[in-house]
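Take a look at the letters that make up each chain.
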Amino acid sequence: MKSKTLAKLKDYLPLYLMMIPGLAYLIINNYIPMFGIVVAFKKFNVVDGIYRSPWNGLKNFEYLFTSNDAGTIIRNTMLYNVAFIIVNNVVGIILAIMICDVLHDSLKKLYQSSILLPFLVSIVVVSYIVFALLSHENGMFNAILKASGKDPAQWYNDTTWWPLILIVVNCWKGVGYGTLIYIAAIAGIDNSFYEAAELDGASKLQQITHITLPCIVPSIITLMIMSVGRIFYSDFGLFYQVPQNSGSLYSVTNTIDTYVYRALIASGGIGRSSAAGVLQSVVGFVLVVSVNALVRKISKENAIF
Amino acid sequence: MSKKILSLLLALLFVVASLSGCTAKDSSSDKDAANGEPSEINFDEEPYTINFLYLVAMEGTDQQKVNDAVNELTLKELNMKVNMIPMTFGTYMSQLPLMLSSGEDLDIFPAMANQFATYIESKYIVNCDDYAAYTKDIYEVLGEDAAAGYVGDFLVGFSNVKERSYPAGLVCRKDIFEELGYKVEDFAADNQYGVDFDKITELFAAVKAKYPDMICLDGTSTMGIQTESYGDNMGNVFGYLEGYGQTTTVTNWFESDEFRMFAEINREWFTSGYVSTDIAVNSDSGEIKVKAGNCFSYITNVKPNTDIEKLAQTGYEVVVVPLSKPMKHTNAVTADLLVVANASKDKVKAFQFLNWSYKSKEFNDLINWGVEGLDWVENEDGLACYPEGVDAFNVGYHNDFGFIYPNQMAGHPWVGNPTNIWDIYAEYNANTAKSQAFGFMFNSVPVETEIAQLNSVYEQYYKDIAFGVIDVDQGLADFNKALYDAGLQKVIDEKQRQLDEWLANQK
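Line by line, the protein sequences give chains P and R. 46 is the number of the first residue of the first sequence in my numbering; add one for each residue after it. -8 is the number of the first residue of the second sequence in my numbering; add one for each residue after it.
Simulated from the structure, these hints should not be mistaken for lab results. Since the model is a prediction, treat every value here as computed from it, not as a measurement. Virtual Cβ for every residue (Gly too), placed ideally from N, Cα, C.
Stretch by stretch, here's where chain R covers chain P in the computed footprint (C-beta under 8 Å, at least three residues): (1) 89 to 97; (2) 111 to 125; (3) 199 to 213; (4) 292 to 298.
Across the chosen pairs, the derived CB separations fall in these ranges: (5) R:M103 / P:A232: 52 to 62 Å; (6) P:G102 / R:T192: 53 to 63 Å; (7) P:V170 / R:D337: 44 to 54 Å; (8) P:N74 / R:N58: 26 to 36 Å.
The calculated lysine-lysine pairs, modelled on DSBU-like cross-linking and capped at a C-alpha distance of 35 Å, are: (9) R:K174 / R:K199; (10) R:K201 / P:K195; (11) R:K190 / R:K294; (12) R:K472 / R:K316; (13) R:K67 / R:K352; (14) R:K165 / P:K191; (15) P:K191 / R:K282; (16) R:K316 / R:K352; (17) R:K165 / R:K153; (18) R:K190 / R:K165; (19) R:K114 / R:K127; (20) R:K294 / R:K282; (21) P:K88 / R:K472; (22) R:K294 / R:K153; (23) R:K127 / R:K67; (24) P:K88 / R:K336; (25) P:K191 / R:K201; (26) R:K153 / R:K282; (27) R:K165 / R:K425; (28) P:K104 / R:K114; (29) P:K88 / R:K114; (30) R:K56 / R:K67; (31) R:K481 / P:K104; (32) P:K195 / R:K199; (33) R:K425 / R:K316; (34) R:K425 / R:K114; (35) R:K282 / P:K195; (36) P:K104 / R:K336; (37) R:K472 / P:K104; (38) P:K88 / R:K481; (39) R:K425 / R:K153; (40) P:K191 / R:K199.
Construct the entire structure; sequences and hints are all you get.
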């Protein structure tokens, strides 16, 4: 028994060695800092250091929940993320299928790159592009409204359109990344499936619903579980910069990250900012584990772990 | 097998974790030295290196030359070296919290008033009161203002030498202002603000009539945002001493008739189209807006030589219409203080250096204007100006940040200012009305949770109401309700309690 394990170890030794750098990276960057979680429960001061600072119970978490806006903030964060996950995945899959059917190689590259480009643009720049469209004074939308004889809208004071604007902006900016992964997944599908389907006279739509979609389900699930883990986080830039931090829009743009930023802008404190981070991670962790468990129940081979 | 690996890993993790926990510092030895007499400078010992963090307008190419010149100076006068850490404001905001919480080497840095409570609570900074013996020159330079930096019995740090009040003013383009036949005196009135706001409205109407496409008022401030100009907020806007601080009753300014009046004036400007319709979401300063060429005026803090300063920033000659009377309150002195970090390895030396920095003419010139002969020269009037062939665009080092350096009055004023500018400043400061709570600073630690929520509420409403973007009655009602729901009364009560206690101790 023992010699067998040794022999096995010897066989796999090169693999274990290859694992060391990655493991070291993971431990140093992702595991050791985790001990910092205690800061969220401490009244931190630099003289006593992290471990000797006095305990503070759950007091650091108080400001997150006692606020009257707590409900709005949690609702916004979760619902926007759910909408983002659905919209970005659906649009991403449609775009990926369409791009994969482009036959001309250089055009294919062009489409692919142009969809990815917004992903690489800083959110501050995006916020100014949106401002160029929505500005009350000089915005393009108001210019169109005025030209067609309608009253210009107060975009940054009217909450009506913002859920839509944010979803569209987020999709425009973020969809390229998912599309790229789906293109890779579709490229990996064996071509003989399609040839067989064509021989049997399957239409393009039938090919998509019966071959392409079922084949990329594992990618969809992986991407989805990963985004679910970040459901309690929000893209600070998207919710702070893009609405130009307009107070009138807070009821539809205030999320956990912007709330924490605004609350702690005056008096910081490591304890309370860590508390927000801990809460976000814990909710994300619970959700990832439960969604994965759900997936495992429905189709075992598609679960991540 | 895998279990063994797992347990090994866990053991490793705990070892690393416990090692990283052992970084707490022992600061007791410094404390003993603090009570001793200030010693003569010992030129035989190894020079101590001061880590001096300061703010700069931009990173200059001559930084290294400035560093060398500073070091030469300090080695000669103090037997110390200086590690200069220049930071732009953006870098400062993002880097400083990390430097402080990780206990990085740092001796002296500028701290902003809204951070004091956190810094004290987290023990990032030293109580300057313990080292008073080493800072005698600072007390001499600052006078009564040296004692303004107390939170309770903790002396946070020392103020810069600058103007001691933040009156609001309307900065207007001079060409249009004069073309329309106005003079600054036209706006004076015998009310508590010294200005007739109706006349301002008339001015905007006249500008609009003459230049229909021009925006009369833009930027990031207006009367309702200038909370430091019309009363004493004692550290934050939640709980206010109205009427230039000539009262000791803490009230909610946002409920006052004054704030309502300001909001209504702005509402009139907004609905009449004098103000940019984007003003509540705009984050560009008035200087930038005027520089762009289509904006007539903006509101900001003003001081005796504002018109000279703004000429450089806007590219236009400007006139300043005062919108409030000058007043002095603690915050005007302590908005930012030079503090000594607890991470300092030799706090006595740090205080000796700080003390010296308030006296040294050369040092204040060096950090503000750069190396003499290279970045600036003295002209025949005794003012600093660019040397031949050097201008604002190719100069290697130039900050004009005197307001945040120890003592700009020790050094040279820049050309364009009157030669007696420091006398004008001194006279201006001496004639400023003083808040009854001058010297008191609110300690926000007992109500931190409420403050965090109030900040969030304030951010939501203040711009829309102050700029008149939304209906005043509805806006004020919602705003005040949200403030009280977030615990405003508790903060006001706590502020009143601390103020009463402080007042009782003053007698």
